[in-house]
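Colleague: Sequence:
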Amino acid sequence: MQKLLTLALLTLLLTGAQSPRPGKDLAVFFAIEDYKYWPKLKYPIDEAEGIAADLHDLYGFDTLIIRNPTKRQIQAKLEDMLDRRYAQDGQLLLFFSGHGDFREDTKEGFFIPSDGVANDRYQDSYLFYPALRRKVNGIPCPHIFLVVDACFPVPSTTRSLSGPRPPIGIVRGRATSRSVRNLSPNN
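If you want my numbering, it's the position in the sequence shown, counting the first as 1, plus 2.
I should point out that these hints are in silico values taken from the structure, not numbers from a laboratory.
A few of these clues could be false.
[As the list claims (entries may be wrong)] Here are the simulated DSBU-like cross-link-like pairs (lysine-lysine), alpha carbons at most 30 Å apart as the crow flies: (1) Lys-44 - Lys-137; (2) Lys-42 - Lys-137; (3) Lys-26 - Lys-79; (4) Lys-137 - Lys-26.
Computed from a predicted structure; not experimentally measured.
Can you build the whole structure from these sequences, using the hints too?
Modeller: Dropping the structure here:
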């Protein structure tokens, strides 16, 4: 059921994926179930595989699923994406699924890689949401949709991941200028 709801939402929000466009659209999934220091999760990889298959089969997306990535592996893939060439009307979906953490005292949120240390006092082993957002903003793809499906996500009172909230509604047609949208459970 979660897969179906997620796919329906992605279908509504992707900008103009009307028919397959091989080589123009890419979906990259960072799906983490097996943690070294955190409790294991059951469904992120299965859900990523299902959504990736549907995006590929129905919309012609190239897909890549990175299973249980470490912080270094996530950072390396994001760096690769900064150097990649994208079609002038290309679309990029970045989907992070796993644990998250939030520091109430500083109102800071984090995505937890597979090697993230539980109760990491300095959060050195975590991915800081604003740093992730800055990295994503640097990717030279014209249309980016960032999804973070994390346990203990950034609360709705914090806008550090997304900045100003975009207008509510369904995106229809193709965006005419660069667009970066993001989605998290409390966004």
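Colleague: Under the criterion that the straight-line Cα-Cα distance not exceed 30 Å, is the pair Lys-42, Lys-137 satisfied?
Modeller: Within the cut-off at roughly 27 Å; holds.
Colleague: Would the pair Lys-44 and Lys-137 pass a check requiring their Cα atoms to be no farther apart than 30 Å?
Modeller: The hint holds at about 28 Å.
Colleague: Would the pair Lys-137 and Lys-26 pass a check requiring their Cα atoms to be no farther apart than 30 Å?
Modeller: holds (21 Å)
Colleague: Given the hinted pair Lys-26 and Lys-79, is their Cα-Cα distance within 30 Å?
Modeller: It holds: about 18 Å lies between the C-alpha atoms, which stays within 30 Å.
In terms of the numbered hints stated before, the structure departs from none.
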